[in-house]
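K.L.:
Protein chains in written order, with our numbering: chain A, 1 to 155; chain B, 1 to 185.
No wet-lab data here; the hints were simulated from the structure.
For clarity, every value in this text was computed on a predicted model and none was experimentally measured.
Where hints are given, some of them may not hold.
Said to hold, decoys possible - Computed Cβ-Cβ distance ranges for the label pairs, DEER-style:
(1) 155/B / 20/A: 20 to 28 Å
(2) 12/B / 75/A: 18 to 26 Å
(3) 54/B / 95/A: 31 to 39 Å
(4) 17/B / 37/A: 27 to 35 Å
Glycine included, C-beta positions come from ideal geometry on N, C-alpha and C.
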Amino acid sequence: MNEQNREETLWKYLDGSCSEAEVIDIENRLKTDTSFAQELAQLKMLDQSLTQTVLQTAPDHLCSSILAKVMQKKSIEHATFRYVPIVILTLLLLLVTIYLVPESTATQSTLIPTDWSFLEVNLQISHSYMVYILGAIAAVSLVWLDLVLGRKLLV
Amino acid sequence: MLDEDRLISLLISKDHKAFEQLINMYKDYVYSVILSIVKDVHQAEEATQDTFMKVFKSIGSFNKESKLSTWIYRIGYRTGLDYLKKKKHYTTDVAEHLNISSSVDIEKDFHQQSLLEFVTKFIIQLPAEESSVMKLFYLQQRSIKEVQAATGLTETNIKTKLFRSRKSLRLKAKDFFNQEIDLFL
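Please build the complete structure, drawing on both the sequences and the hints.
P.N.:
So, in structure tokens, the structure goes:
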């Protein structure tokens, strides 16, 4: 058995992964070969030290930090679910407005009559301004949503 | 203390207390493995948090083919490697954090150190893969199969890394033994 094989066999012996025949062979040799026994003693000490030192203690606050993150994630999921209708409503409002704006006048900034009869009101409003207003409402909604969710989506 | 099956089912139903128990059970283990990879205490802390967030998010996909601990180690190991790729240079002295002399010259000063300090320092200075394989091997009750499941490395690769690392440890500890062996035996 050369030195490398010897060391490898001894590590295997300490790991408990030797075959029965190997174990008998090693134990017989330990009785007669003092240098072999000394080598095993050294490896045993290193092995015990490895067993004792592999585990490091995580910082005390780690558990609470993780739980706080989990809670934040849960609240984000909850808030997202809760405010989805608002986002959908805002988008619907935008779509209705776009639908109501006649294509030919969409870019004009003059006062153009819009058919708001379905609301039983008679409004005259600038389409350009209307688009800006609704855009602003959508942006404010998103900023507000962003604040509610506690994260920075827009920045 | 809940048994593993009960714990898993509670985790799937996003039970807060079960998750707290899981963190307390595995935080030191995950932190140790990640620290051996990233070698930076702040990054290790952050990566450990990320690992548990991933566990929380994907516990539903845990198929029980491996032990829960192995599955968590696998996530931790990969997260650690991701952090290592993102930031190659570490800034915090791990040895200092672990209350070990910050000197990196093992050969010169190990006579003054206890064997435990010497071994801890040796593991820290190993390359990420060797260091994490060594840790996982001892944390997983010397099971090569569990290390394989956690790292995705081949059995031969793990055995080679393990043997080389331990051989190197023994060589570096040779002088230590020459001086101290009488005290221990």
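K.L.:
Next, verify each hint and record whether it holds.
P.N.:
Hints, one by one, checked against the model:
1. 155/B / 20/A: 20 to 28 Å: Hint holds: Cβ distance 21 Å, inside 20 to 28 Å.
2. 12/B / 75/A: 18 to 26 Å: holds, 20 Å
3. 54/B / 95/A: 31 to 39 Å: holds, 38 Å
4. 17/B / 37/A: 27 to 35 Å: violated, 52 Å
In terms of the numbered hints stated before, the structure departs from hint 4 and from no other.
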